[in-house]
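From first to last, the protein sequence lines are chains F and Y.
First residue of the first sequence? That's 1 in this note's numbering, and the numbers climb one at a time after it.
First residue of the second sequence? That's 1 in this note's numbering, and the numbers climb one at a time after it.
Since the hints were made in silico from the structure, they are not lab data.
None of the values given here were measured: they were computed from a predicted structure.
Be a bit skeptical, because a hint or two may be false.
Derived lysine to aspartate or glutamate pairs resembling EDC-like cross-links, with alpha carbons at most 16 Å apart [as the list claims (entries may be wrong)]: (1) Y:Lys98 x F:Glu119; (2) Y:Lys70 x Y:Asp29; (3) F:Lys410 x Y:Asp55; (4) F:Lys410 x Y:Glu74; (5) F:Lys408 x Y:Asp7; (6) Y:Lys70 x Y:Asp173; (7) F:Lys410 x Y:Glu79.
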Amino acid sequence: MGRFFDTDRFKEILDTLSRNRGRTLLTGFGVFWGIFMLILLVGGGKGVKQLVAGSLNSFSSNAAMVWTDRTSKPYKGLGKGRWWNMSMGDIDRLAALVPELDVISPQSFGWDRPVATYEERTSSINIRGQRADYARIEAPTIRYGRFISEMDVAQARKVCVIGKQVWQNLFPGGNDPTGKRIRIGASYYTVIGVDYNDHSVVNINGRGDEAVVIPITTVQRLYNKGDAVDVIAVTAREGVVMSDILPKIRAAVASGHQVDPTDEKAVPILNTEMFFAMIDSLFKGVNILIWLIGIGTLLAGVIGVSNIMMVTVRERTSEIGIRRAIGATPRMILSQIMTESLVMTLVAGAAGLVLAVVILDGLELANTTDGILKAHFQVGFWTAVGAVLLLSVLGVAAGLAPAARAMKIKPVDAMRDE
Amino acid sequence: MLIELRDVNKTYQGAQPLHVLKGIDLDIDRGEFVSIMGASGSGKSTLLNILGILDGYDSGEYRIDGTLIKDLSERQAAEYRNRMIGFIFQSYNLIGFKTAVENVELPLFYQGVPRRERHRRAMEYLDRMGLTDWAGHYPNEMSGGQKQRVAIARALVTKPDIILADEPTGALDSKTSVEIMELLRELNRKDRLTIIVVTHESGVANVTDKIVHIKDGVIGAIEENSRHDASPFGETTLMK
Numbered sequence: 001m002g003r004f005f006d007t008d009r010f011k012e013i014l015d016t017l018s019r020n021r022g023r024t025l026l027t028g029f030g031v032f033w034g035i036f037m038l039i040l041l042v043g044g045g046k047g048v049k050q051l052v053a054g055s056l057n058s059f060s061s062n063a064a065m066v067w068t069d070r071t072s073k074p075y076k077g078l079g080k081g082r083w084w085n086m087s088m089g090d091i092d093r094l095a096a097l098v099p100e101l102d103v104i105s106p107q108s109f110g111w112d113r114p115v116a117t118y119e120e121r122t123s124s125i126n127i128r129g130q131r132a133d134y135a136r137i138e139a140p141t142i143r144y145g146r147f148i149s150e151m152d153v154a155q156a157r158k159v160c161v162i163g164k165q166v167w168q169n170l171f172p173g174g175n176d177p178t179g180k181r182i183r184i185g186a187s188y189y190t191v192i193g194v195d196y197n198d199h200s201v202v203n204i205n206g207r208g209d210e211a212v213v214i215p216i217t218t219v220q221r222l223y224n225k226g227d228a229v230d231v232i233a234v235t236a237r238e239g240v241v242m243s244d245i246l247p248k249i250r251a252a253v254a255s256g257h258q259v260d261p262t263d264e265k266a267v268p269i270l271n272t273e274m275f276f277a278m279i280d281s282l283f284k285g286v287n288i289l290i291w292l293i294g295i296g297t298l299l300a301g302v303i304g305v306s307n308i309m310m311v312t313v314r315e316r317t318s319e320i321g322i323r324r325a326i327g328a329t330p331r332m333i334l335s336q337i338m339t340e341s342l343v344m345t346l347v348a349g350a351a352g353l354v355l356a357v358v359i360l361d362g363l364e365l366a367n368t369t370d371g372i373l374k375a376h377f378q379v380g381f382w383t384a385v386g387a388v389l390l391l392s393v394l395g396v397a398a399g400l401a402p403a404a405r406a407m408k409i410k411p412v413d414a415m416r417d418e
Numbered sequence: 001m002l003i004e005l006r007d008v009n010k011t012y013q014g015a016q017p018l019h020v021l022k023g024i025d026l027d028i029d030r031g032e033f034v035s036i037m038g039a040s041g042s043g044k045s046t047l048l049n050i051l052g053i054l055d056g057y058d059s060g061e062y063r064i065d066g067t068l069i070k071d072l073s074e075r076q077a078a079e080y081r082n083r084m085i086g087f088i089f090q091s092y093n094l095i096g097f098k099t100a101v102e103n104v105e106l107p108l109f110y111q112g113v114p115r116r117e118r119h120r121r122a123m124e125y126l127d128r129m130g131l132t133d134w135a136g137h138y139p140n141e142m143s144g145g146q147k148q149r150v151a152i153a154r155a156l157v158t159k160p161d162i163i164l165a166d167e168p169t170g171a172l173d174s175k176t177s178v179e180i181m182e183l184l185r186e187l188n189r190k191d192r193l194t195i196i197v198v199t200h201e202s203g204v205a206n207v208t209d210k211i212v213h214i215k216d217g218v219i220g221a222i223e224e225n226s227r228h229d230a231s232p233f234g235e236t237t238l239m240k
């Protein structure tokens, strides 16, 4: 009796559990559900975070986007409510006046909603004029070919990098489209790359996966924009906190356009550093919530096991009394009830774990497109091991109170009952 | 003497202490077939509990085969019960989710007897009870008499010194009651088993060789009943 892994003793436990199947299932269900929910929530939370962070990761975490709006303050004799534009000159001004900046990359958009055509197929697109250095701010996920180069920009070449959706619409066979010429409006552009990043972090001018990136010089020429710039994306050098230098950036841009350097409406700046900090704290909060709910559900399950075992011990007074009358010591009864609780908790928990893992696997499958996994939903091996350890501890804990009660049953109770 | 009781006293503590056994002296020899008779409240159940090491007593001495049974720990009591005493209960007290043979095996399980040996011995006793064909059946598939015979097999399987039967026919009809009592008598005769039957029915007591009358916590008379004519079944009671 001393050995824990006594096959005879285990057979006795399993017999008792399996021959009272209804009771066992009912008791185990709480734990099954608890561990199932915990693992599902942890894995799901991780996956959703990665889905969001996946696009975040490609984005520089210390960047800012500067664009323009109507002025809200009068300045140097000019009234408020005036429209104005940034220009390529602002790039040099920013470089000179704000040495803390690292990359300064202008963008120009085609604000209409054009359509791209290849052979008989069409796709709605949005046109983004960028420079090669934009890749240092938001890294593209190049599937085929390459991103635009400095040479493309310098020579205002008619080349383009197409988004995932555009590629799927125009080249449904899934072939490498580089070198193919697609038509946008009246002009033909040579496809030089496919970008799988859907750019969902900062969504300017339409969906990221419908973007067609063209050298900024080409866009400016095509839309007759001169050297007008719509958005300037910047990153700060290492160790520089972006929010500290925002006023300097605003002042530098404003100084070239007769705009009040403190006019926050006229020179809106989106600071990704703050954005990232917000998302980060949001997910920390979500994580705490997930563990709270998960552990809570699991605890409720375990308390349920303990509770039902309390009731069954009372119901089993006669059985336990008989066992005592024919020679079981209180210790044997104690260990029987504890082991029953442990086995039940472990089996139910393992079942919950397996089901949760299967469902998480399905989620991973659903989030895989063209062999590229967007997010890992599956929980880690050690999380699973931790869950099993937690279950064992909880199983023993759940058995404590019922076992203590069972130990108090005297053999005479067997006769008194019935 | 197998069983020696010397001035055994037992009081149930409570709001009003109840002096149940008031100095019991009793000797039972090996191989005797004894019944303890008394009305309810006479103290016979308490006496049975003490004899069965299910309950303790306050003063006096109780020896089985010379071993003093007093102030035992739960563990020791369980061990002595398992080794020395076989119980037969009024309501059979079989475990419902175990088959007949598994019920008979259970005391051996607590003795640590290996599975195969356990099964062999349990089957042997079931066979003696004429229940070989019923070994795989659950208690609720059997008649009262069959259940009681399974319980008897369970009591015998550890080869105990004493068989304690608490109203063994209490839940049986008169025909089966006679069969069960005959079975106990046969076990007593053939195997020289010491059997103590606690009952309030004179018909049951009449089968035994010695009738111990207990009343108000003291032993009244000890009646030798070797001729078994004190009160046959069905003559004195309305029920049987």
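Outcome of the hint check:
Taking the CA atoms of lysine 98 of chain Y and glutamate 119 of chain F, the gap is about 78 Å. The hint is violated against a cut of 16 Å. Simply put, lysine 70 of chain Y and aspartate 29 of chain Y have alpha-carbon atoms about 20 Å apart, too far for the 16 Å limit, and the pair is violated. At most 16 Å may separate the alpha-carbon atoms for a hinted pair to count; lysine 410 of chain F and aspartate 55 of chain Y meet this at roughly 9 Å. For the proposed pair lysine 410 of chain F and glutamate 74 of chain Y, the alpha carbon gap of about 9 Å is at most 16 Å, so the pair holds.
This hinted pair does not check out: lysine 408 of chain F and aspartate 7 of chain Y have alpha carbons roughly 29 Å apart, beyond 16 Å. Using a Cα cut-off of 16 Å, the hinted pair lysine 70 of chain Y and aspartate 173 of chain Y is violated, with the two alpha carbons roughly 38 Å apart. For the suggested pair lysine 410 of chain F and glutamate 79 of chain Y, the alpha carbons sit about 14 Å apart, so the restraint of at most 16 Å is met.
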